[in-house]
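Which chain is which? The protein sequence lines are A and B, in order.
Sequential numbering of the first sequence, starting at 1, is according to my numbering.
Sequential numbering of the second sequence, starting at 320, is according to my numbering.
For the record, the hints were derived by calculation from the structure and aren't laboratory data.
Each hint should be verified, as a subset may be incorrect.
[Unchecked claim] One-sided and incomplete, this derived list gives chain B residues near chain A with beta-carbon spacing under 7 Å: (1) K368; (2) G404; (3) R408.
Values in this document were obtained by computation on a predicted structure and should not be read as measured data.
In this text, a Cβ means the ideal position worked out from N, Cα and C, and glycines have one as well.
What follows is each chain in one-letter form.
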Amino acid sequence: MIVEKVLESKQQKIRQWPVNANRASELGNECLRYLVLNRTRWNEKTLHDARLQMIFDMGRMVEDLVFQDLREAGFTIVEQQRAFSWQKYQITGTIDFKLAIDGQVYPCEVKSAAPNAFASINSVSDMLHHKWAYMRKYPAQLTLYLLMDNKERGLFLFKNKSSGELKEIWMDLDMDFAESLVQKAEAINKHVAERTLPEPMEYNEDICQDCGFVHICLPDRVGKEVEISDNTELLELVMRYHALKPGAKEYDEVNDRINKLVEGREKILVGDYFIEGKWQERMGYDIPKEIKAQYQKPGQFWRKNIILVEGKGERTNGN
Amino acid sequence: MDNKEVTVIEGEQTTEKRTPFDLSLAAIASTNLIELAEQAEKRLAAFEKIWKGSLQRTNPNDWSDQGGKPYLEASGGHKIARWLGVSWRPVSGPDQEDLGHGHYLIRYTGEFTLSGAIITETGSRASNEPFFNKSKGRELPASEVDKGDVMKAAYTNLIQRGITALLGMRNLTWEDLKQYAGINRKDVKGVSYGKTPPLGSQSAEPGKPAAKPAEGPAENGAMATEAQVKAIHAILTAMKVSDELGKMQKVAGILGLKEIPTSLAKLTKSQASTVIGALQKEVGGEQ
Chain A
1 MIVEKVLESK QQKIRQWPVN ANRASELGNE CLRYLVLNRT RWNEKTLHDA
51 RLQMIFDMGR MVEDLVFQDL REAGFTIVEQ QRAFSWQKYQ ITGTIDFKLA
101 IDGQVYPCEV KSAAPNAFAS INSVSDMLHH KWAYMRKYPA QLTLYLLMDN
151 KERGLFLFKN KSSGELKEIW MDLDMDFAES LVQKAEAINK HVAERTLPEP
201 MEYNEDICQD CGFVHICLPD RVGKEVEISD NTELLELVMR YHALKPGAKE
251 YDEVNDRINK LVEGREKILV GDYFIEGKWQ ERMGYDIPKE IKAQYQKPGQ
301 FWRKNIILVE GKGERTNGN
Chain B
320 MDNKEVTVIE GEQTTEKRTP FDLSLAAIAS TNLIELAEQA EKRLAAFEKI
370 WKGSLQRTNP NDWSDQGGKP YLEASGGHKI ARWLGVSWRP VSGPDQEDLG
420 HGHYLIRYTG EFTLSGAIIT ETGSRASNEP FFNKSKGREL PASEVDKGDV
470 MKAAYTNLIQ RGITALLGMR NLTWEDLKQY AGINRKDVKG VSYGKTPPLG
520 SQSAEPGKPA AKPAEGPAEN GAMATEAQVK AIHAILTAMK VSDELGKMQK
570 VAGILGLKEI PTSLAKLTKS QASTVIGALQ KEVGGEQ
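Start from the sequences and build out the full structure, keeping to the hints where you can.
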């Protein structure tokens with residue numbers, strides 16, 4: 001009863017606002033059709049629900065907490081919630097604030113993140129290649145602020161909504177990326193002016209399923225059907241893999257436990273087993289995150305997931 | 320030669336089963352028919368396995384307990400569609416039908432395909448459903464209902480109905496769910512039809528299903544009797560609501576259901592009783 005009342009109150013706050021420009025926070029969206037519809041048929045977009053509104057509200061509260069943390073630490077915050085407008089490309093935005101450090105002023109975006117999301121991002125590249133579409137939009141937003149503010153460097157401050165932990169991720173202006181965003185804005189403006197609509201993007205579950213314009217866009221979904229294989233070698237290997245997997249897991253657990261029990265003890269006799277051990281030297285590399293991030297590049301690997309159909313949801317993960 | 324094998328008309332659905340390849344006369348002549356039959360059997364067995372595997376992709380949040388039967392929510396439908404590789408293509412909509420007093424029904428039609436089988440399905444929602452037109456216990460005029468929400472819900476209804484119809488998931492039992500997905504009925508949310516949930520019940524948001532079903536008396540869980548179902552059909556027909564979709568729409572509106580029921584037989588005894596009472600009142604009011 002109480003929760004319903006709060007949700008109902010949140011629901012009242014949800015409003016539709018006219019969209020007359022390309023918002024910096026939206027230009028990272030990968031669907032051009034969405035971005036055009038957002039300009040031309042914004043009033044037909046489905047409103048987000050009360051639960052998402054609560055997440056937005058919490059994000060704003062977290063922002064205030066970050067301001068407080070920064071002020072307590074002696075930082076100078078300037079131009080809080082400054083609005084930007086780049087009329088030529090019809091781009092607008094509002095930056096959270098700028099942070100003054102050693103005589104320099106840096107545009108800063110504060111983002112609150114759930115623990116899993118917080119742990120998953122340590123660089124701009126992590127954001128750009130993130131599995132969640134909303135995270136992939138962040139670099140575009142800050143890039144446009146840097147461009148409009150004529151700055152070379154800005155930063156993201158992520159706050160873990162659970163632990164309160166802070167994480168800073170610096171971003172240098174990437175002119176190629178910035179140019180692609182400006183070109184995207186130009187393409188949107190052209191469609192808006194000519195009252196045309198780009199073709200739908202290839203159906204993407206993560207983007208299309210919850211899109212506020214899916215009922216207007218009406219994308220076709222072309223599913224990738226399951227391949228039925230009669231490769232006996234593959235079947236035998238998978239059956240063997242499945243049979244060995246529980247033992248392998250137990251082996252790892254037992255081995256870890258033994259390692260903990262024998263560490264630092266050179267010679268032990270236990271039952272009929274003689275266990276010997278010694279410290280081995282090895283070279284480690286303690287590379288600062290920001291340096292490591294410079295050498296980071298996207299790659300791919302094939303991740304498999306073996307499911308025994310007749311079992312009760314039994315899954316076997318592996319690389 | 321047309322490769323269409325069977326056309327089955329089931330209510331609003333048109334089911335067309337096509338062979339996965341072009342069955343030309345030349346191909347038949349050069350292929351051993353027994354071999355073909357064996358392949359078809361193997362394919363059917365494989366498909367059954369894939370179908371069962373798809374259930375394992377879902378979790379209790381992807382299901383709800385409607386009228387005592389497991390009901391696949393849109394979230395689960397998407398997971399299964401992704402796993403199986405279901406394709407769909409909206410073919411018409413949004414079509415708008417006037418329901419009077421400014422209210423309207425939005426309808427979408429789409430084609431759903433998998434392994435050569437094609438069905439056509441319809442999804443719809445009406446602006447006068449309590450989910451859309453109730454706020455703080457007050458009934459909103461049609462002009463205040465967010466049309467985008469009604470349209471999106473109708474579209475979601477289309478996808479959900481298409482997937483479940485294509486995969487024959489409308490007649491699943493709790494035993495099936497337990498066996499193939501390890502999902503227990505007690506972990507699945509029920510649907511609250513009451514306007515104010517009792518204190519302590521964990522309902523979701525207004526108009527949406529409650530998180531846990533309230534354990535009511537046995538009578539509440541019993542299915543509608545044949546006499547009740549016949550009575551509802553008779554009253555609705557007398558009210559000139561003769562098409563199946565219109566009838567289900569009306570019943571969903573009275574009960575405040577999030578999704579339109581696929582059959583009146585899926586109502587519980589108490590739901591059927593509520594519907595009959597409301598319809599009789601409506602008929603009485605009109606006279």
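We went through each hint and held it up to the structure:
1. K368: holds, 5 Å
2. G404: For G404/B, the interface hint holds, since the closest Cβ of chain A sits about 3 Å away, which is under 7 Å.
3. R408: Holds: closest Cβ of chain A sits about 5 Å from R408/B, inside 7 Å.
In summary, this structure violates none of the numbered hints.
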